[in-house]
Amino acid sequence: MLGRTANGLYWMFRYIERAENSARLIDAGLRMSLTRSESSEGDWDGVLQSAGVRELYDEVHDTLTSSDAIDFLLRDRANPSSVMSCIEAGRHNARMVRTALTRETWEATNECWIELKAMLANKARPADMPEIIDAIKRRAGLIRGAFHGTMLRNEIFNFSRIGTFIERADNTARILDVKYYVLLPAVSAVGSSMDNVQWESILRSVSAHRAYGWVYDAELKPANIADFLISNGRMPRSLAYCYEKIASNLGYLAREYGERHAAHETAEETLASLRSQSISDIMDRGLHEYLEEFISHNNRLGQEITDGYRFYQ
Amino acid sequence: MINADSSPRQPYSTYHQWYASQDRNRLIAKSKEAENIFRKTGITFAVYGHADSSEKLIPFDLIPRIISGREWRRLAQGIEQRVIALNAFLDDIYHKQEIIRAGRIPRELIEKNDAFLPQMIGFRPPGGVYTHIVGTDIVRTGEDQFYVLEDNARTPSGVSYMLENRETMMQMFPELFHQNRVRPVENYPYLLRQSLSSLAPPGCAGKPRVAVLTPGIYNSAFYEHAFLADMMGVELVEGSDLRVIDGKVKMRTTRGYEAIDVLYRRVDDDFLDPLTFRPDSALGIPGIMDVYRAGNITIANAPGTGISDDKAIYSYMPEIVEFYTGRKPLLENVPTWRCSEPQSLKYVLEHLEELVVKEVHGSGGYGMLVGPTATKKERAAFAEKLRERPGNYIAQPTLSLSTVPILVNKGIAPRHVDLRPYVLVSDKVQIIPGGLTRVALKEGSLVVNSSQGGGTKDTWVLED
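Chains as they are written, first to last, in the working numbering: chain H, 1 to 313; chain P, 1001 to 1464.
Heads up, some of the hints might be wrong.
[Said to hold, decoys possible] What follows is a list of derived Cβ distance ranges for each label pair:
#, chain 1, residue 1, chain 2, residue 2, range
1, P, Ser1240, H, Ala262, 29 to 39 Å
2, H, Asp45, P, Lys1040, 11 to 21 Å
3, H, Ala254, P, Asp1290, 35 to 45 Å
4, P, Pro1335, H, Thr150, 46 to 56 Å
5, H, Ala121, P, Asp1427, 50 to 60 Å
6, H, Gly149, P, Pro1335, 54 to 64 Å
7, P, Asn1449, H, Leu152, 38 to 48 Å
8, H, Ala121, P, Lys1207, 48 to 58 Å
9, P, Gly1233, H, Gly213, 18 to 28 Å
10, H, Thr150, P, Glu1055, 19 to 29 Å
11, H, Ala254, P, Gly1127, 40 to 50 Å
12, P, Ser1240, H, Gly251, 24 to 34 Å
Don't read these hints as lab results, they were simulated from the structure.
Ideal Cβ positions, reconstructed from N, Cα and C, are used throughout, including at glycine.
All chains, please: the whole structure from these sequences, using the hints.
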């Protein structure tokens, strides 16, 4: 396969993953603002931080309002992580690599773009938001379904999956980091009394608010939430789950090509530490430091894959 | 479709019966359905200079254009003769230049032409084939009266529409293909790959590796490039994927560099090799011409074929066909005035309102004047340009192009069409029975180019 094609697949799936992530963050933000009586601008500050676009937002806007924040996350082309920017970039990459995709996968991607482009042509009214969030999730689900149902499990599949999980691991780590940063001082000060709405919003941001109850107590505890999103290998957005997938897909490539790269070491090391470290170890060392290091390792892995598989040269 | 006595023309008789039994509203709904299929599949083209709408659909008309087996045989013979002559002409022009010595074509017309590549002099491509893929543009003016408008011998496009139009028709109206014996075009990608593989260079050991070279995603025909690579089962590459290593052209794969033997390039000559042609080209491969001349890659079509389909050369095609085949051309050339000749220029300027004037190097229907439909002001402005650079233009009479029916809201209406059959050249000449029918959707219009509001329809060649 061409290095450029591997690159296109990798980014196509990173962008589709990111689009869904941005949509989920908006969803969680909307939910929080519904369950509060006072002004919700502070919540949107947290949402923008979780999406990693807080500073970018200030470059474009003078004041923080919920309506501007939603628009920025949903459709602003100045925000490369907005849903529409991601869908466009994902479809652009898909178009470039369309000979590697099944007709079903390509059409699901193209139709996603067609529908959302029309739906997001103008600033969304608050009343339309549920329908829009739903459409984004549904369209992303259709792409995923077509991809899983029709693609051969070969190198094309592996590069696509690696893109998906590098992006997802990055998203989960950022959400956790930002929310803890914002929330934890309050926790330590007051002890056990917490703002349940805020905690639930973390779980909502990764579509895990129901699953949490199945796995842990009904009570939202910081250590349990961190455990769920970092170490729980059954939770499809946890760091451990993402790295299981990254390592296994890289493993297929290594066997097929008969060649290992620095990326294989990095992915396997990270996976081993995710499996061996307990959440209390991590909390003792400092969650923020841990996540910061994780994000930087995850970026390095992306670069090693880019180099090892000759994406650009 | 209909004769003067209002009976259907023979090849249309079965279709006409079917059409008469159809509900018009259903057909109009089908028409919308077809558009959705095209949009969903992403069968689009880019119009340069339209930033807001970078991807457009080519309108598809669902009434097929039908050609009888007898009509087709006649056409095919004429096309084959012409394509053989084109290749012989190219070989001659880049070797002994006998046609110039014989005084049939002026030397400066060749040697001062930008499409003539001195780098090709004395070099014979693998198998002696210059034009692997040709799309001959043909118009009809009467029963058995066909004219060749253009010989597209560089990188003719549109073949994906021929294939998708057929696919769409078979999906929407399967019954029509039971009732009519339509010759298949679907095996084109297979024939193309076979034809390209058979002309692998002498330096190729083992099974030839074929790739399609595209300028990239922003090119107007990108969809077609991806489609053909996909259908042939070969890589779609860009210049940035390729590099000359150890005397071979190699592509960068996830496991290292791998050699390519046959490159079906959809990049113009100028951009092919920055070391040989335009140094600012980012679309090409530095050094590919050296690899080519060393016999280590086949480039299809060969660089320099543009000299054979140049509009200035076009007017000499009857002489060219006769010179190399020893026979009169089977297909007619449209009478052409070369404005470089003072006599002709005078005539053209006096008869602008009845002529079509084209730029010698233009394409896509840009920069031309359709005399009869132009305003007085447009004609005057064009006359100015003609006087300034007469050598830049040729002129032709407006032909009374045949019409075929298209579906409109009120039923059917006649519109002007042309036809581009596709020809593959290897050790044999294969003409795909069908082609791209382009139709001028505006009533009375003669311009069929997709960039100017033209549409397409499926083209049937019947077995008989």
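Structure-based check of each hint:
no., hint, in the structure
1, P:Ser1240 with H:Ala262: 29 to 39 Å, "violated, 24 Å"
2, H:Asp45 with P:Lys1040: 11 to 21 Å, "violated, 40 Å"
3, H:Ala254 with P:Asp1290: 35 to 45 Å, "holds, 37 Å"
4, P:Pro1335 with H:Thr150: 46 to 56 Å, "holds, 55 Å"
5, H:Ala121 with P:Asp1427: 50 to 60 Å, "holds, 55 Å"
6, H:Gly149 with P:Pro1335: 54 to 64 Å, "holds, 59 Å"
7, P:Asn1449 with H:Leu152: 38 to 48 Å, "holds, 39 Å"
8, H:Ala121 with P:Lys1207: 48 to 58 Å, "holds, 50 Å"
9, P:Gly1233 with H:Gly213: 18 to 28 Å, "violated, 50 Å"
10, H:Thr150 with P:Glu1055: 19 to 29 Å, "holds, 24 Å"
11, H:Ala254 with P:Gly1127: 40 to 50 Å, "holds, 42 Å"
12, P:Ser1240 with H:Gly251: 24 to 34 Å, "holds, 29 Å"
In this structure, the earlier hints numbered 1, 2 and 9 are contradicted, and the remaining ones agree with it.
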